[in-house]
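First to last, the sequence lines map onto chains R and F.
Under my numbering, the first residue of the first sequence carries the number 1291, and numbering increases by one thereafter.
Under my numbering, the first residue of the second sequence carries the number 3, and numbering increases by one thereafter.
Just so you know, not all the hints are guaranteed correct.
As the list claims (entries may be wrong) - Below, a list of computed lysine to aspartate or glutamate pairs in the EDC-like style, where the Cα atoms sit at most 20 Å apart:
hint: 1; chain 1: F; residue 1: 35; chain 2: F; residue 2: 253
hint: 2; chain 1: F; residue 1: 11; chain 2: F; residue 2: 69
hint: 3; chain 1: R; residue 1: 1455; chain 2: F; residue 2: 326
hint: 4; chain 1: F; residue 1: 334; chain 2: R; residue 2: 1419
hint: 5; chain 1: F; residue 1: 63; chain 2: F; residue 2: 192
hint: 6; chain 1: F; residue 1: 11; chain 2: F; residue 2: 113
Think of the hints as simulated: they come from the structure by calculation, not from any bench.
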Amino acid sequence: MVLNLFYFLSFLAILSAIMVVVSKNPIHSVLYLILTFFTLSGHYFTLNAQFIGVVNLIVYAGAIMVLFLFTIMFLNLKDDAFTGSRVWFNLSAVLLVLVFAGILVVKIIPAQIGVASEMEFNSQIGMVENLGTTLFQHFLVPFELVSVLFLSAMVGAVMLGRREKGEKNF
Amino acid sequence: MDVYFFLAKAVIILLIFGITLLIATYSTYAERKVAAFIQDRLGPNRAGPWGLLQPIADAGKMFFKEDFIPANASKWLFIAGPSLAMLTACLTSCVIPFGGTLDLSFLGISELVPVQGIDVNIGILYVFGLVSLGVYGVMIGGWASNNKFSLLGAIRAASQNISYELAMSLSIIAIIMMTGSLSISQIVADQDSFYKWNVWRQPVGFIIFLVCAFAECNRTPFDLPECETELIGGYHTEYSSMKLGFYLFAEYINMFVSSAVISALYFGGYHFPGESLVAGLMPAGALGHNLLTLMGILVFFGKILFFIFFFMWVRWTIARFRYDQLMNLGWKSLIPLSIANILVTGVIILFLNS
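Build the full structure now, drawing on both the sequences and the hints.
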């Protein structure tokens, strides 16, 4: 049952991820990307990590993708909006994919990923209480450092969007 | 965990779903009656006694109108918009505890059955997840209409929802800190006596949450996405027939759900003053337990109906905000206020625990 669900979610995730790239219309791409996030959240739920699953939905599907959609709706991109050299664009895309595939084949696939033994695995590890304990006790310093990083990014964004003296926007 | 337990759960979920739809249907009637009362009119009174059949007449009219899809609209997304709005609205009520537990031992169910769809330990986050997804119905519908007014309405809806979602989640954090749990049933269980209701312990958080709930439901004074005077109808300008009906209906379901969430988080949910006194008067055993739960459910629905009335009261009293006022209120007042609220709550909790 869970295995079937896994295959279904994986199939949907890969299909929608491919559709993100293949779609001609940027709005459709964004919508397929949202579907991808949903399937990933589904994976988190099957792994009993409800908190991460829901946060993934709130932050990525609910907030970041709304901003993406927002921006693309404003830009109103047409098919012929792309005005670069097609050849160089395609060439660099192929190169990037090759580099990424190379890393995948050479480094990640042979890597020994720890396999949890069924006897010792704690199925409650993804629950919000355990996650909180881990983050705020074992990884407190990195966690706080990441939040400082986010704060600086936020201040930077506010600085960029600030109205200059004497400038009138509306 | 046996078959009967799941059957009882299924019945409860179906009942909650049906009641949600029923209350949303009659909210449309109540809205017009409240509007009529406030404006010193009679309101709908032709269909059935006191106009009680008006919602059914409206639904019939909606179904038989021409279902029109504009020629240059993106067809599938045009259909997906109202469907998504309706879907996200209907999904939310399943984590709200509508009452305590039922003792169904006469049916052979050994454990107590909570009157709640599912009790997940991240209940409140589930609600927020669906609230943040709710904007897609509006955005997709507005964009797919291929109309400038619809697009402007959709963009307004998106920016408004994102802005007020932040203040809303921040105002909840104070409650989560006090309760120590994300589960709504835990938060309700924590407010078991009148003086422990979160509205007394978190008055500032309550006001922030209430304002944000209005904004998230796109209700007046925050109904900028559909304001008739500027945008004709906003995101649903191009919609007709039951697709328009779904958008309007989803708004009423959202209103019901927000009222339920407000009552559960801040007004003690199904708890009522003098509950322990009433519990002492009840007959012992399963009957007394179930009667008490039933009273709790009725009290909870009373609170919900009061807040639905409050939504309507505000709608027919307060004028619409201007767009920059809306943004200033959200980003410059509510968010700093809710962060200050979190800080103060944290200091007080630390002080009380040490």
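Exercise for review: Given the hint that residue 1455/R pairs with residue 326/F, test it: the Cα-Cα distance must not exceed 20 Å.
Suggested key: holds (19 Å)
Between residue 334/F and residue 1419/R, is the straight-line Cα distance small enough, at 20 Å or below? violated (33 Å)
Note to self: Hint check: residue 11/F vs residue 69/F, CA-CA at most 20 Å. Holds or violated?
What the structure shows: violated (37 Å)
*Taking 20 Å as the top limit, are the C-alpha atoms of residue 35/F and residue 253/F close enough?*
Roughly 17 Å between the alpha carbons, so the hint for residue 35/F and residue 253/F holds.
>> So if I understand the rule, the pair passes when the alpha-carbon distance is 20 Å or less; does residue 11/F with residue 113/F pass?
In response: holds (12 Å)
Given the proposed pairing of residue 63/F with residue 192/F, does the C-alpha separation stay at or below 20 Å?
-> violated (46 Å)
Figure legend: structure checked against the earlier numbered hints; hints not met, in rising order: 2, 4 and 5.
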